[in-house]
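Residue numbers (the working numbering), protein chains in the order written: chain W, 1 to 420; chain A, 1001 to 1480.
Treat the hints with care, as some may be off.
List of simulated lysine to aspartate or glutamate pairs, EDC-like, C-alpha gap at most 16 Å [said to hold, decoys possible]:
(1) K1398/A with D318/W
(2) K1295/A with E1246/A
(3) K265/W with E97/W
(4) K353/W with E1263/A
(5) K220/W with E163/W
(6) K353/W with D1075/A
(7) K1351/A with D335/W
(8) K1176/A with E1016/A
(9) K353/W with E1063/A
(10) K1398/A with D351/W
(11) K206/W with E177/W
(12) K1320/A with D1260/A
(13) K380/W with D364/W
(14) K42/W with E1066/A
(15) K1442/A with D1397/A
(16) K321/W with E1024/A
(17) K353/W with D335/W
(18) K1280/A with D1075/A
(19) K1089/A with E1016/A
(20) K353/W with E1419/A
(21) K1198/A with E1229/A
(22) K180/W with E97/W
(23) K1354/A with E1417/A
(24) K42/W with D1428/A
(25) K1469/A with E1016/A
(26) K1167/A with E1142/A
(27) K1089/A with E1104/A
(28) K1469/A with D1427/A
(29) K321/W with D1075/A
(30) K1280/A with E1246/A
(31) K1076/A with E1246/A
(32) K1295/A with D1245/A
(33) K1280/A with E1229/A
Note that these hints are calculated values from the structure, not bench results. These numbers come from a predicted model, not from an experiment.
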Amino acid sequence: MSAWLEACIARADDNTAGQSWLAAKRQESLELLRESPWPTRKTEAWKYTPLRVLQGFSGGAVGSAAVVDKIDDLNSIDLVFVDGNFDTEQLSVELPEGLSVTRLADADRATQAWAAKRFACIKPERHLFGLVNDVLFSDGVIIDVAAGCTIHQPIRVVQQLSEGAEAHTRVLVRLGEGAKAAVIEQCDGNSESFNTLVAEYQISAKAELEHYRFAFQVDKAMSVGGCHFDLAERAQLNSTLVGFGSTLSRVDVDIHHGGEHTFAKFNAIYLLDGRELFDLHATVEHANPNGRTIENIRCIIADHAKAVFNGRIHIHRDAQKVLAELNNRNLLLSDHAEINTKPELEIYADDVKCAHGATIAAMDEQALYYLQSRGVDRSKAQVMLSFGFINELVDQMPNQILAEWLRPQLRQRFSQMEVS
Amino acid sequence: MSEQIEIEQALNREYEAGFVTNVEAETFAPGLDEDVVRRISAMKNEPEWLLDWRLKAFRSWQEMDEPNWAHLGYDKMDYQSISYYSAPKSMADRPKSLDEVDPELIETYNKLGIPLEEQMALAGVAVDVVFDSVSVLTTFREKLLEVGVIFCSISEAVHEYPDLVKKYLGSVVPQKDNFFAALNCAVFTDGSFVYIPKGVRCPMELSTYFRINEMNTGQFERTLIIADEGSHVSYLEGCTAPQRDENQLHAAVVELVVMDDAEIKYSTVQNWYPGDENGKGGIYNFVTKRGICHKNAKLSWTQVETGSAITWKYPSCILKGDNSIGEFYSVALTRGMQQADTGTKMIHLGKNTKSTIISKGISAGRSSNSYRGLVRMNPGAHNARNFTQCDSLLIGDKCGAHTFPYVESRNRSAIVEHEATTSKVSDDQMFLCQQRGLDPEKAVSMIVNGFCKEVFKELPMEFAVEAGKLLEISLEGSVG
């Protein structure tokens, strides 16, 4: 076990105060954490992502006030966490009917009753940092959308970190039967910090969730977190992840098809530069028949950056008539960049159709030549092609206001990228 | 319902090579320690360096743990309960020609459909026959020597060509490579040795036929093939074992050295005893196969895996030289309670290296079939190219098909493509075939053969026919 993890466990022991209704769950996670070995290169889930950087880091709660930029025209309901603590003052808008947002600490008995059953149950136990979050989270929110309600305003959870901060934020979302909502998770930060943002989503029967995760922490802002979804019968998920790398960036996405006739779409884009690292582990569990999954992962890696992708599709016995597709395309822009990808299929039912594809290549010289022959200079042509490569997925985002907000940021990222 | 019963009966079809030959054998008592390693070495009058080499491997093996990352579930072997050496008594003096070989042995191979006699001459195949721990016979040795091709058992090569063996043994698969390779290095008893001199195109197909016969033994053979500059050889390997209730261990190592401009084509039809329908008995097949390709060299692995209770096998290519080519064509069929975790590694080091991986997995019954592969583009692999396709076919709803491809690229100009699909025999295909008058069994067999065609076409003709038949037998009645 590492000194870092030992320190975590020691702190967790002191952290017994607080939400007593979650004490049993936290204790369970603590026991699991005590038995967890520290990942090394031989640990399959951490094979390409070293945790050395974390060893030297010791952060704490800092908590300086920050103002979060609004996204123009989005009219979102912003839930702001500053260094892991929920900033109630920034929640100024009135909540629409059918939506309730409760701090974990303030949950009433009715909320506790259902939340205790879902908390840390949607997230699989195997995630080490999920367990760390279980035992160390200091603050979190429960977002509940009543059955049959459609929330038109997107709900945005923003995580801001200042220098030296360590934060463990928790989000639990429940969409009631037939409910519709959009949730955006956003992590910002560029100074040395560490956060684990763990979000769990229960999508009840016939409910539809539109989900975004913007992992925008860069430089020395380390982030290891996850989004975990449980889909009941006829539930739908449309999720988009956009990530920039940092010294340590890792997201675990788990989509569990818990009912029949479910549909999940997961698109991910990540753009890496410098010596950044981004590691995405996406696991799809088809436990029931007639489910459908479409995954598209696109990645552009420049300079000395390193990208890791692990996409696992697991079709359980008797989960017949499942359709699952995974497409992973990677652009390597430099001779020092590195990509490690592993699309996995694990299938125990025979009447299913599953496919995955992965490609790794440089930018197409012919396409570059074509643009150059039309008078576009080479570097501009490269930006155009890279942008085209990922814009396909940006276009698929259901919320076009968000897509508009995202595009200039991606464009700026491209113009900074080291292309050799 | 009656169809269902028919299917099950057909699936439980007996293993045709499951008989036992009664040959008097000299067998070591079960157990493994340094003394056993020394005794094996002494039996073979091995030089000092080889004994030291074995002991070094044995000591590292003792410190290693059995790997458990594969998608396989089995009870670990007790390595002290196996006998590490067993040889027919009549082998005390190795026969020089077919006439001197124990008729029982010849009969065994005739029964298996491997005639050691004249027919082979007609087919133009030279055979090295390995029975339990020893090589029984190598045919056409003299004829091959005329063109400079050395084809003999590795024990003979140790004495007759010590320089070559010393130079290349362990050069591709080092002693500490993995748990099973280390065990093989310590206790290997025999195997084939091939050397093709510069510029020679081997005039006939070379082949080794492995047979495990004795109870409680393991087979640990080692094959070393060196294709010198500009040479060419096609090598075939086949294997069977009797039907027994215990699990027997087969831990082989194959090392291939492909020098500049040379080419090796290595084909395997693996038909070890797979165990009965409840998973009792069967061979545990843990094999390390690897080849190194120098400049402009080409190495092609083709395998048809239908046997073994457990298959753990990853024939690999190290594409070290510029412009070298690696290929891997595989059909793995599992049924009953069989488990296979097989695939390949393509390590691209040189410029303009190319690799192709075509893997077809077919699972039936309650079996589990996994493809596990690695494609690595190192920083020096400019303009390297890889194409991987792995398709799985599921027959029945109790089996599993899995794909675990690792793709690592550290070179911008390298292009890697990987695709995988999983499906079942489609109703449309079945309907079309039946509408044209084929019964369901024939239809499945035809569809599966078509599914595997890309691999079968890579096999030498005789093997392709054998592989097709094997598949037909194994699949008979699996769809209704």
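Cross-check of the supplied hints:
1. K1398/A with D318/W: With a Cα-Cα distance of about 9 Å, the restraint between K1398/A and D318/W holds, given a limit of 16 Å.
2. K1295/A with E1246/A: 46 Å, violated
3. K265/W with E97/W: Violated. K265/W to E97/W sits at ~28 Å, over the 16 Å cutoff.
4. K353/W with E1263/A: Not satisfied, since the Cα-Cα distance of roughly 38 Å exceeds 16 Å.
5. K220/W with E163/W: 9 Å, holds
6. K353/W with D1075/A: 33 Å, violated
7. K1351/A with D335/W: 14 Å, holds
8. K1176/A with E1016/A: Since the Cα atoms of K1176/A and E1016/A sit roughly 37 Å apart, the hinted pair is violated (cutoff 16 Å).
9. K353/W with E1063/A: 44 Å, violated
10. K1398/A with D351/W: Judged against 16 Å, a Cα distance of about 11 Å means the pair holds.
11. K206/W with E177/W: It holds: about 6 Å lies between the C-alpha atoms, which stays within 16 Å.
12. K1320/A with D1260/A: Since the Cα atoms of K1320/A and D1260/A sit roughly 10 Å apart, the hinted pair holds (cutoff 16 Å).
13. K380/W with D364/W: 14 Å, holds
14. K42/W with E1066/A: 14 Å, holds
15. K1442/A with D1397/A: Violated: K1442/A and D1397/A sit about 21 Å apart, past 16 Å.
16. K321/W with E1024/A: 56 Å, violated
17. K353/W with D335/W: 37 Å, violated
18. K1280/A with D1075/A: It holds: about 12 Å lies between the C-alpha atoms, which stays within 16 Å.
19. K1089/A with E1016/A: 26 Å, violated
20. K353/W with E1419/A: Satisfied, since the Cα-Cα distance of roughly 14 Å is no more than 16 Å.
21. K1198/A with E1229/A: 5 Å, holds
22. K180/W with E97/W: With Cα atoms ~13 Å apart, K180/W and E97/W stay inside 16 Å; holds.
23. K1354/A with E1417/A: Answer holds: K1354/A to E1417/A is near 12 Å, not above 16 Å.
24. K42/W with D1428/A: Distance ~45 Å between K42/W and D1428/A Cα, so the pair is violated.
25. K1469/A with E1016/A: 12 Å, holds
26. K1167/A with E1142/A: 24 Å, violated
27. K1089/A with E1104/A: 12 Å, holds
28. K1469/A with D1427/A: 24 Å, violated
29. K321/W with D1075/A: Violated, at about 34 Å.
30. K1280/A with E1246/A: 7 Å, holds
31. K1076/A with E1246/A: 13 Å, holds
32. K1295/A with D1245/A: 48 Å, violated
33. K1280/A with E1229/A: Roughly 47 Å separates the two Cα atoms, so the pair is violated.
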